[in-house]
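Student: Sequence:
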Amino acid sequence: MRMSQLVGRRYKERPAEATLESHAFLLRGGYARQVANGIYSLLPPGLRVAAKIERIIREEMDRIGGQEILMPVVLTRELWEESGRYADVGPELARFKDRGGRDLLLAMTHEEAVVHLCRDEITSYKQLPAMVYQIQTKFRDEPRSRGGLIRVREFTMKDAYSFHQTQADLDAYYEECAEAYRRIFARCGMPETVKIQSDTGMMGGKVAHEFMLLCDAGEDTIVACDGCGYLANLEVAEGRIAPLPEEPAPLEKVHTPGKRTIDEVAEFLGVPPERTAKVVFYDSDSEGRPVMALVRGDVEMNETKLAKIIQAMPEMADDATIRSVGAEPGFASPMEIDKDKCRIIVDHTLAGAGNLVCGANEPDYHYRNFNLERDLPGTETVDIATVREGDGCPNCDGSLELKRGIEVGNIFQLGRKYTESMAMTYLEENGEEAYPIMGCYGIGVGRLLSSVMEVKRDKFGPIWPISIAPWQVQVNAIGLDNEEVRAAAEKLAGDLSAAGLEVLFDDRDERPGVQFADADLLGVPYRLIVSPRNLKQGQIEWKRRDTGETGFIEPDEAVETAQRWIADGLAAIDAVADQAG
RNA sequence: CGGGGCGUGGCGCAGUUUGGUAGCGCGUCUGCUUUGGGAGCAGAAGGUCAGCGGUUCAAAUCCGCUCGCCCCGACCA
Numbered sequence: 264m265r266m267s268q269l270v271g272r273r274y275k276e277r278p279a280e281a282t283l284e285s286h287a288f289l290l291r292g293g294y295a296r297q298v299a300n301g302i303y304s305l306l307p308p309g310l311r312v313a314a315k316i317e318r319i320i321r322e323e324m325d326r327i328g329g330q331e332i333l334m335p336v337v338l339t340r341e342l343w344e345e346s347g348r349y350a351d352v353g354p355e356l357a358r359f360k361d362r363g364g365r366d367l368l369l370a371m372t373h374e375e376a377v378v379h380l381c382r383d384e385i386t387s388y389k390q391l392p393a394m395v396y397q398i399q400t401k402f403r404d405e406p407r408s409r410g411g412l413i414r415v416r417e418f419t420m421k422d423a424y425s426f427h428q429t430q431a432d433l434d435a436y437y438e439e440c441a442e443a444y445r446r447i448f449a450r451c452g453m454p455e456t457v458k459i460q461s462d463t464g465m466m467g468g469k470v471a472h473e474f475m476l477l478c479d480a481g482e483d484t485i486v487a488c489d490g491c492g493y494l495a496n497l498e499v500a501e502g503r504i505a506p507l508p509e510e511p512a513p514l515e516k517v518h519t520p521g522k523r524t525i526d527e528v529a530e531f532l533g534v535p536p537e538r539t540a541k542v543v544f545y546d547s548d549s550e551g552r553p554v555m556a557l558v559r560g561d562v563e564m565n566e567t568k569l570a571k572i573i574q575a576m577p578e579m580a581d582d583a584t585i586r587s588v589g590a591e592p593g594f595a596s597p598m599e600i601d602k603d604k605c606r607i608i609v610d611h612t613l614a615g616a617g618n619l620v621c622g623a624n625e626p627d628y629h630y631r632n633f634n635l636e637r638d639l640p641g642t643e644t645v646d647i648a649t650v651r652e653g654d655g656c657p658n659c660d661g662s663l664e665l666k667r668g669i670e671v672g673n674i675f676q677l678g679r680k681y682t683e684s685m686a687m688t689y690l691e692e693n694g695e696e697a698y699p700i701m702g703c704y705g706i707g708v709g710r711l712l713s714s715v716m717e718v719k720r721d722k723f724g725p726i727w728p729i730s731i732a733p734w735q736v737q738v739n740a741i742g743l744d745n746e747e748v749r750a751a752a753e754k755l756a757g758d759l760s761a762a763g764l765e766v767l768f769d770d771r772d773e774r775p776g777v778q779f780a781d782a783d784l785l786g787v788p789y790r791l792i793v794s795p796r797n798l799k800q801g802q803i804e805w806k807r808r809d810t811g812e813t814g815f816i817e818p819d820e821a822v823e824t825a826q827r828w829i830a831d832g833l834a835a836i837d838a839v840a841d842q843a844g
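First residue of the first sequence: 264, per my numbering; consecutive thereafter.
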């Protein structure tokens, strides 16, 4: 590629809307342009990187038996009604009508489409297991997109779907897929990506993991054990929160005028927040009952965990709802509550804590010395607590740390949620009809591209791993009005291209500073420089983007040398990918 | 959806308080001089000042409405 013809300008200054470094480089380097909030066009350098990431993904999906297919972006209401998601999913699903008034939608994920396709094609146990995948556009009308390509509304995603006869077979394949993911991220130059336990969200199913790139720009909070390697998303992480046992003292009603919040009450009564019980009302569980949830005062409610228990989205209840079950807002107590009208869910932190302060269901009054076992006997406790930095690891005696991460991929065990609801059956060996068990596996291509940019960079621009660099080698010609330089640079670029290398040739008669700054923004790993100075020595100068090392070679060694660099670079990345697993 | 900020040539910004018919830097084009980390000089092109409506002799500037973008929160397979 000749730089003089490359479409997409580079900016010297940082665009105002960029917050993340990767976002700034995306715009400054001419990789992508925003069309609307969360909707981007890719320019040649951006598309070239994306295409290389996609190629790696294809190779690794094919390696575990995947077959590439392509499903439509536009699907029908009827199809999504089969699974029940047309009603379940909110406004993030873009819906529209065709000219005939038929309800259509833009797919945000393709479980319905893949089951629609495969239920007619896979009808025998002899065809199982099977995995199909696609690399296709998705649209999710996110309430708020941000961060360049990290969180967008329209994006390219690799999504894969597997079908199995047995849970054991899915379990085994799930691990194979996790291993393929580890290889994909390593081959994209990010072997530091980690697999963590995660929530299953709207996908349904029980087992799910996310692949996280740990970095400060990440939107997710990850809980990590310093002792045993336990890793989980904060949404699902479990922790050991130290109990606070105490010999039960008699229940005592105390006057607490106007003291509603945990902090106010704790301060007023002179007790630490961990000696209080926090009550939060939600509206409502899957049967429509209001929910009263309790955690210890120093612990945050985990609404993801709660959602699983009540089988519904927890939404804060209003005061009228709270009063309707006989509780007093700000002074609510689990005692004296009609359990038929209100579901009471108690976190395990309350079980181990004695003599807590809790509401008295009466304005301006609290109780001292609430003890769960004594005052609410027979109450079952569950885990609805949010893990905190320093809490104990659930698996060892280490302690937990909180870190930030970008989710670059995820894997789910879906079970039979979609095959049952959409009536996908096959015949078993014994002639009986059965529903296949599904897994699904996603990777966001643009997000992965941005993530690499976020982590592999210096202050001048991205430092692309050779495996996904937009070009493999760059030729810079300095002083192009010098005929000798022009001829030598043209020959060098031509020879490299003829040898099959991906060459970016800066054939503009620009000053060195301009050329080098642009080269840094494009992040090509290896640079060859032709100039009058070097030519006088009969040499070509080289520079590595990553280490900054420089040196000289003879012109007739250039092609061979560049080939060796690239081969060595790729081999080093592959060696990391081949490790472990 | 709540709170906040901002919309002025491709990019970064000033001008808005106090209304007078649009400016700076970068970039682009032409010429000359330059050539190892974003050159110098001379000339040039490019803007319905987000849009609509209002006030006024006169609106980027004042008033109203709408739209868009960014940030925080809610939300997020």
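Take these hints with a grain of salt, some might be off.
[To be verified] Below 25 angstroms or equal to it, Euclidean Cα-Cα: the simulated DMTMM-like pairs (lysine to aspartate or glutamate) are:
{"hint": "1", "residue 1": "K719", "residue 2": "E599"}
{"hint": "2", "residue 1": "K401", "residue 2": "E344"}
{"hint": "3", "residue 1": "K602", "residue 2": "E563"}
{"hint": "4", "residue 1": "K401", "residue 2": "D489"}
If you're looking for bench data, these hints aren't it; they were derived computationally from the structure.
These figures come from a predicted structure and were not determined experimentally.
Student: Take the hints in turn and mark each one as holding or not.
Tutor: Hints versus structure:
1. K719 <-> E599: violated, 59 angstroms
2. K401 <-> E344: At roughly 19 angstroms apart (the allowed maximum being 25 angstroms), E344 and K401 satisfy the hint.
3. K602 <-> E563: holds, 24 angstroms
4. K401 <-> D489: violated, 37 angstroms
Checked against the numbered hints above, the structure violates hints 1, 4; every other hint is satisfied.
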